[in-house]
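J.: Top line first, the protein sequences correspond to chains A and B. Numbering of the first sequence is given in the working numbering, commencing with residue 1 and proceeding in unit increments. Numbering of the second sequence is given in the working numbering, commencing with residue 1 and proceeding in unit increments.
Simulated from the structure, these hints should not be mistaken for laboratory data.
Sample of chain B residues with no beta-carbon within 12 angstroms of chain A, all distances over it, derived: (1) 12; (2) 14; (3) 15; (4) 18; (5) 27; (6) 28; (7) 61; (8) 62; (9) 65; (10) 67; (11) 70; (12) 71; (13) 77; (14) 79; (15) 85.
Label pairs and their computed distance ranges (CB to CB): (16) B/5 / A/58: 24 to 30 angstroms; (17) B/18 / A/82: 36 to 42 angstroms; (18) B/20 / A/68: 39 to 45 angstroms; (19) A/62 / B/22: 35 to 41 angstroms; (20) A/110 / B/41: 22 to 28 angstroms; (21) A/7 / B/14: 34 to 40 angstroms; (22) A/75 / B/22: 36 to 42 angstroms; (23) B/41 / A/44: 17 to 23 angstroms.
Every residue, glycine too, gets a C-beta built ideally from N, C-alpha and C.
Listed below, chain by chain, are the residues.
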Amino acid sequence: SQELEQSPQSLIVQEGKNLTINCTSSKTLYGLYWYKQKYGEGLIFLMMLQKGGEEKSHEKITAKLDEKKQQSSLHITASQPSHAGIYLCGADKGTGNQFYFGTGTSLTVIP
Amino acid sequence: ETGVTQSPTHLIKTRGQQVTLRCSSQSGHNTVSWYQQALGQGPQFIFQYYREEENGRGNFPPRFSGLQFPNYSSELNVNALELDDSALYLCASSGGQGARNEQFFGPGTRLTVL
Chain A
1 SQELEQSPQS
11 LIVQEGKNLT
21 INCTSSKTLY
31 GLYWYKQKYG
41 EGLIFLMMLQ
51 KGGEEKSHEK
61 ITAKLDEKKQ
71 QSSLHITASQ
81 PSHAGIYLCG
91 ADKGTGNQFY
101 FGTGTSLTVI
111 P
Chain B
1 ETGVTQSPTH
11 LIKTRGQQVT
21 LRCSSQSGHN
31 TVSWYQQALG
41 QGPQFIFQYY
51 REEENGRGNF
61 PPRFSGLQFP
71 NYSSELNVNA
81 LELDDSALYL
91 CASSGGQGAR
101 NEQFFGPGTR
111 LTVL
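Please put together the full structure from these sequences, using the hints given.
T.: Given below as structure tokens:
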């Protein structure tokens, strides 16, 4: 079973609309990472959250980690076609050196 | 500063063959991790190398093996290829041991097994 669940699986929005992607873990997260992937390409690092309640923003993208460190949300304000792609949350297991990803959310922005 | 590069970009093999994929780390990074990403799925952690030693492994069979060289570049070798090995293989480099350092990903190698 997936340790990181993302929702929704896919999202189609009109340009200019706001949207939110969620990432939920059954275990406490030691570090939560958000990446963006263009179809069939490598991953681009967006943000890392470590502390409960932490919130970070970059341009029109804001990510939050809840107080219990088991859920994160990624919010895009006034979406643009350049935001289209697959958004992946990732986390490390806290012990050892393994890193795991959610299943991803595919975002399409219609001009 | 040179980013992470991977070669080849695309590869087609048949079942039972062996394949070697290559990754060049970002300058100054001593840790490389490899991931397998099947179509429509998130990347799955294969293993990590730190200073030429395997430093963590995911749930992959021994026919997936790797190497890291003194210049921190890396290879992923897969023996006895199976159809399910068809995927995008990603490598990521980071500055230190462990998974918490920010990882920089290469563009990936698309492997097709026929």
